[in-house]
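*Asks:* Chain by chain, the residues run as shown.
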Amino acid sequence: MSTAEEFTEFAVGAAPRLRRTAFLLCGDWHTAEDLTQTTLARMFVSWRRISRQDAVYGYASRTLVNAFLSDRRRRRGRELLTGWLPERPDLAAVAAPEVRMVVLDALATLPPRTRVVVVMRYWADLSVEQVADLLGCSTGNVKSQSARGLDKLRAVLGSALLDQPCEERDVWHG
Amino acid sequence: MDEPVVDEPGLRALLDRAVACEPPIGPLAYQALEAGIRRRLRRRVSGVVACLVVAGVAGVTVPAIRSASMRPATGGAATIYVASKGQITPVWTATRTAGVPIGDNVEGQDQAVLAATPDGKTLYVADAEMSWVTPISTATNMAGPRIMTGAGPYAIAITPDGSTAYVANSGAGTVTPISTATGVPGRPIRIGGEPVGIAITPDGRTAYVLSDYPPGVPGTVTPISTATGVPGRPIKVGQNLLRIAITPNGRMVYALGLNGMTPISTATDVAGPLIRTGGTITGIVFSPDSRTAYAVDASEGTVTPISVATSTAARPIKVRGYLVSAAITPDGKTVYVTQDYSGPSGTVTPISTATGVPGRPIRLEGEPVGIGIAPGGDTAYVACLNTPRDPGTVVPISTATNKAGTPIEIPVGPLAMVIVAGTRGAA
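Protein sequence lines, in the order shown, are assigned to chains G and L. Quick note on the working numbering: the first sequence kicks off at 1 and runs consecutively. Quick note on the working numbering: the second sequence kicks off at 1 and runs consecutively.
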């Protein structure tokens, strides 16, 4: 298999998960697509070197997180930080599609690095050590950011929503 | 894990629900992904493009001795224009301070394309997602009215006499000439494909346009006579093209692609065989005497000296990291490459062209996006983003000691930069 074919195989397999992770980090599918392409473009150029390593997905996560943080840096100064917190929703009254919006709004209140910690730990199932490695910080820092992130989410969402298991999924109609 | 994880299952389920609205990925989405990756590969090297412009302004593309005698009044002082999303920030090397960003009229700039006239009086800025170019007067640092081009202006080159700016319109398959005196665009010149690069010979007679085509179709380099505006026969140069560069003496053009680069003699407009260095050549710098091309292979992490006369490669010089951009000092003694490790900090490594030995890497707080060397050659400037506290910085590095000075803060993360001789638009 040629280098290009090998890369294509990887990209096709990794793109969906990268895109979902990116979406949870940035909150919109357009930017998520953008971050995914940036990540894969960077990996393509270094593919011969990367593909010799074992942790290719780890490399992809690191590249994605870096792309996300870079993107936030570029945007800073263009977007106003309001310090505004969404109203705590009445969970019982919230319908499925709204839950999504409420969760995204809540994530959006987290600073970028805290958001990375929350998404990578609680959704992408990375360990504290892996997240610390990803962000180039200490495990203590990851733990304190996790705690702060969860506190903030709880304040916005209400602890009930966090504890509530959700089975049903709403489907995207395109 | 000694700490109890509160609410984890609940949070996970909520995050799962947040992504459940995912738009489907079909064959079209994969085509878009593939196209997006190619676009980004080019954008990734745009910093290098900007810095070649830098070199032009700083006098590297003209014989060093002439540039030295031309610039005694400036004393090496320069203004660095740093393009970020939505704004351009001037940085004065004399005081090492950043001025007020020029932003009101410069919208977009997601993919910054920058060029300066040889006299340094006007800067042209484009966003590859838009269809216009904005001129900025460096005397006042004010943006002028937009000049309409074709869709997707991807590269700008200006004739050595400063009279005409040529804009490669990637979305329209054309090149728009703009009179720099009047700001009026001429009739677009039809090229075909996706024009993504443009380089003008030092005598100003010919503009070479690099055009990429969909996968499977070879790309082209098309010479345009600047006197008549008539395009010549396209020269086939292989697939997946990234950018184009021309030697300081104008004898050779190089078309850089994903798998290597194609040399073209400007005397005959005939392409030579592909030169490979093992991976993807994303940057190229030339010795001031035009004898040696230094090909920067981002994926292999090497800088390979190549004889311009024979196209033969010397032994690659190995450095670490992903090589982002490169610059050469006006005396041709040192090549600087910037390195990224997909982490919070990057480095710059000086390479002695005499010995081919890389020096000790200079650490940067942040991710390097481009490097340029100021007139006089005593300082290299590296634009960085994602630094610990600030959105972006420009880091001065002394070429005598290879030590980094205090970073100059930029309000929004940099995408590209250009260095213009003299202190301009300072209050």
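Hints in this document: simulated from the structure, not taken from any laboratory. A hint or two may mislead.
[To be verified] Restraint-style ranges between C-beta atoms, simulated for each label pair: (1) Thr8(G) x Arg276(L): 18 to 24 Å; (2) Asp125(G) x Gly216(L): 38 to 44 Å; (3) Glu129(G) x Thr97(L): 37 to 43 Å; (4) Glu6(G) x Met148(L): 40 to 46 Å; (5) Asp151(G) x Val357(L): 34 to 40 Å; (6) Gly136(G) x Glu409(L): 32 to 38 Å; (7) Arg52(G) x Thr95(L): 46 to 52 Å; (8) Pro218(L) x His30(G): 38 to 44 Å.
[Claimed, not checked] Computed, partial: chain L to chain G, Cβ under 8 Å: (9) Arg12; (10) Glu22; (11) Pro23; (12) Leu33; (13) Thr268; (14) Val270; (15) Gly272; (16) Arg276; (17) Ala298; (18) Ser299; (19) Gly413.
Computed from a predicted structure; not experimentally measured. Positions of the beta carbon are idealized from the N, C-alpha and C atoms, including for glycine.
*Asks:* Which hint numbers does the structure go against, in order from smallest to largest?
*Replies:* 5, 6, 8, 13, 14, 15, 16
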